[in-house]
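K.L.:
Chain order of the listed sequences is B and H. For the first sequence, this note's numbering gives the first residue as 1, with consecutive numbering after it. For the second sequence, this note's numbering gives the first residue as 1, with consecutive numbering after it.
Simulated from the structure, these hints should not be mistaken for laboratory data. A few of these clues could be false.
Chain H stretches covered by chain B per the calculated footprint, using a threshold of three residues with CB under 8 Å from any CB of chain B [to be verified]: (1) 151-161; (2) 183-196; (3) 209-218; (4) 221-230.
Beta carbons: idealized from backbone N, C-alpha and C, even for Gly.
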Amino acid sequence: MTRLSLARLWVAGAGVAAIVLAAVLAPLLGLPDPVRMDVAHRFAGASLAHALGQDGYGRDVLSRLLWGGRVSLFVAASSAAIAFGIGTTLGVLGGFLRGVTELLTVRAMDVVLCFPPLLLAMLVVTLLGPGAGTLILVLAVLYVPGFARVAYAGVLSVRAQDFVEAMRALGARRPRIMLRTILPNIAGPLLVQFSLVAASAVVLESGLSFLGLGVVPPTPSWGLMIADARASMAQAPLLLLWPCLALTLTILTLNGLCDALRDAIDPHPIPRRRRRLHEALVPGLLPAARPTGAELELRGLTIEIDTPAGPIRPVRDVSLRLESGETLAIVGESGSGKSLTGLALLGLLPPAARVASGTAWLRDAPLLHQDEATLRRLRGAAIAMIFQDPMSSLNPVQPVGRQIAEAIEAHHRLSARAADRRAIRLLERVGIPDPVRRATAFPHELSGGMRQRVMIAMAIANDPPVMIADEPTTALDVTIQAQVLALLADLKREAGLALIFITHSLPVVAEIADRVAVMYAGEVVETGPVEAVFSAPLHPYTAALLASAPTEGGVPPQGIPGVVPPPHALPPGCRFAPRCTRRIDACDAAPPPLVEAMAGRATRCPRWAEP
Amino acid sequence: MIWALKRVGISLVLVWIVATIVFLAIHLVPGDPAELLLSQGGVAADPGAVAELRGQLGLDRPILVQYGQSMAGLLRGDLGRSMQDDSPVADAITRRLPRTLELIGAGAILALLVGMPAGTLAAIRRGGVFDRTASWLAALALAVPVFVTGTLLVLVFAQSLRWVAAGGYVALAEDPARHLSLLAMPSLTIGLGLAAVVFRMARAAVLDVAGRDYVRTARAKGLRPRHILTRHVVRNALMPVVTVVALHLGSLLGGTVLVEYVFNWPGLSGLLVDAVSARDYPSVVGIILVISVLFVGLNLLVDLLYGVLDPRVRHG
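Model the full structure from these sequences, guided by the hints.
P.N.:
Written out as structure tokens, the structure is:
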């Protein structure tokens with residue numbers, strides 16, 4: 001929980017406490033009797049004895065406000081408490097026992113939700129007559145399903161967790177499990193629901209009282225006071241304002257508490273992006289060196305993400321070079337920073353992440369630190385990208401043909417029909433049968449392999465010289481993987497496409513790539529031609545990675561001992577040192593630089609030359 | 001198609017359950033309706049008169065027979081006769097329902113026109129001045145009960161400024177200008193609260209959609225920001241917003257009771273409030289049934305609309 005949300009919780013809590021305290025202490029404040037009339041002083045203004053004046057019957061307004069709050073809050077609190085007790089019990093029972101109990105306790109209550117709340121209340125008032133008792137009953141009935149649902153959902157998610165399973169395995173008795181383990185875990189959402197219900201109960205109580213169907217006069221209630229004051233609006237508009245204000249403030253405070261509670265429970269911090277001044281002022285002025293004629297060149301890319309525990313650097317000092325027509329594979333485990341590197345090149349980093357330093361060129365065009373309009377013209381036209389999961393990467397409610405066509409329209413002036421025709425030709429080119437019909441299909445109507453072909457069609461729509469493919473085959477099964485790889489190889493050959501292929505699969509690297517960059521914990525640890533790197537790795541991590549992959553020769557795969565260090569607790573020296581079999585003391589002293597070991601090959605391991 | 005039929009079937013079952021519950025509520029709750037009706041003011045009723053009324057209302061027949069009769073009546077559209085003036089309940093409802101629907105419709109249109117663009121803008125400029133101001137206003141609008149909003153509007157625009165009449169109703173055919181001027185304040189009252197809901201929902205939906213992978217794809221294609229916003233973000237964010245609006249329209253059917261009362265708008269609710277005060281059971285039951293049916297029907301409409309907006313649902 002952040003400090004800010006904690007502070008909000010305190011403020012909202014104090015507000016609610018103040019209102020409750022005022023209502024509870026009303027009898028002790030020495031105010032005039034809220035129901036004593038004094039017709040001689042009807043509509044009298046503020047005086048020493050009557051701080052807010054007197055109403056149409058000469059009753060003290062301040063006193064009625066406070067006593068009215070007592071009634072409202074009493075009705076709200078007791079109905080919420082009753083609904084909480086019954087609803088939570090039913091929800092917990094339903095969620096824990098499942099089966100018939102679930103049907104009876106949770107599903108059956110959903111019927112209550114078929115009635116608009118105020119109407120159900122009016123039905124019950126017709127049957128039982130108005131009064132605070134009826135109100136409490138009605139409101140309790142209305143709110144039971146809400147609590148039951150929250151408790152039910154909470155129990156379902158908690159009971160699946162290991163520790164509940166563990167307790168059951170240990171033979172703990174059921175009631176004990178429920179009380180000790182489940183309730184504390186679902187307390188948060190229930191607390192939110194309670195404050196939500198309390199606010200809603202105050203609204204409904206005042207509404208019913210306003211209609212004359214709630215609290216019975218002369219008992220003061222805010223709803224009744226507003227109804228009374230409406231009649232004398234012309235003489236005494238202030239009489240109307242006070243109860244309106246009291247009611248609104250109370251609900252606002254309760255809602256505030258509810259929001260604060262929800263934020264406090266919700267663990268997702270709001271990412272706050274702070275742009276550095278020089279980034280805002282001089283985009284594009286940072287590149288120091290000039291491009292060197294490569295199709296794509298990246299130097300010293302470092303990406304920073306702000307977390308509550310401070311900034312982390314999931315990508316540090318990454319340099320890559322892609323010659324024209326070449327395929328470069330970036331290989332690494334998940335979390336090694338390979339996808340972020342690809343996204344950074346197109347300026348598509350998620351909002352929480354930012355490029356802290358580095359330069360990149362696409363031929364002569366600088367890439368990082370560019371404004372959105374410049375990048376927009378490059379994306380899709382000069383550099384395209386394919387993503388891992390074609391299902392979520394395609395808009396679910398647009399026909400796929402249109403999604404391809406709009407990629408063309410973004411960079412060319414042509415009619416929608418012409419674009420649609422080109423989209424169909426592209427579908428044909430990526431090997432989709434019956435492209436005319438498929439163009440009108442929605443993504444969910446296609447198979448996974450076809451969806452990825454659509455993504456590829458979209459990427460090649462404007463014949464870009466460079467394409468980044470971020471794990472394009474990971475979400476597909478093996479035979480489809482092979483087809484998609486073959487398609488990419490075809491396109492590469494036909495169009496002379498330069499490709500950055502991000503993957504965690506070594507066999508895929510061997511199949512498609514010319515050169516490989518191995519990433520570990522946010523850094524490139526080794527680069528070089530695929531055959532050379534695979535046959536004689538220069539970095540212990542590459543060697544370990546190769547040893548961990550299943551081979552045809554029958555050598556059993558070897559796991560790498562230890563785990564990837566989390567990005568907020570990286571070792572001070574070489575990031576692979578804690579897991580490395582060739583580690584020496586010098587490895588822990590300082591991060592080793594990437595050094596050119598032999599022509600076209602680089603490694604971060606200073607011991608590469610040793611046997 | 002099968003999917004739509006299934007939705008209709010579920011809705012019909014829901015309506016039947018609601019009707020049964022209303023029937024049971026009247027007949028199984030302790031206290032005899034006839035006795036309650038005749039014993040107003042705490043004076044015990046004359047047993048003879050109670051028995052006579054029970055006969056009139058058919059309360060002396062076995063409960064299953066009564067249940068069968070009232071369900072059969074419902075199927076014919078017969079909701080019984082009012083206890084206040086013996087007129088058919090269905091007639092009064094048909095006369096007043098369109099006025100209530102007009103109010104809700106006007107409020108909903110107003111809410112969508114204000115809430116959707118404001119929510120989208122707030123999401124785009126998240127954390128900016130507009131976002132913070134609008135979010136705060138929405139929180140305020142949500143905290144003020146409708147009858148307070150309505151009453152305060154009357155105080156300002158009718159009582160102090162004298163721009164419009166405090167309330168009342170004139171048929172559209174009779175005097176269109178006056179009809180609209182009388183419609184303004186009650187529909188604004190409904191619209192304000194609903195606009196706050198739409199705003200919050202639209203803001204959350206736009207933020208959610210903006211973080212989706214397909215929006216990243218749209219950016220990767222080099223689409224113009226305006227194109228991404230209209231074709232990919234707002235279009236897809238509409239679905240949850242429409243759902244929420246429609247669901248709220250349902251509870252508005254109840255909430256308008258207060259608005260109509262404040263502005264003296266002769267819709268369903270005046271009928272309902274009178275019927276509740278007079279313990280006019282056939283009228284109360286009839287009105288609540290009609291509103292519940294509308295509520296269920298509206299949910300059905302949302303489901304069907306969802307199928308139009310989201311092609312995935314049709315196949316689910």
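K.L.:
All hints, please: hold or fail.
P.N.:
Checked hints:
no.: 1; hint: 151-161; verdict: holds (count 6)
no.: 2; hint: 183-196; verdict: violated (count 0)
no.: 3; hint: 209-218; verdict: holds (count 7)
no.: 4; hint: 221-230; verdict: holds (count 6)
Going down the numbered hints, you'll see the structure goes against just number 2.
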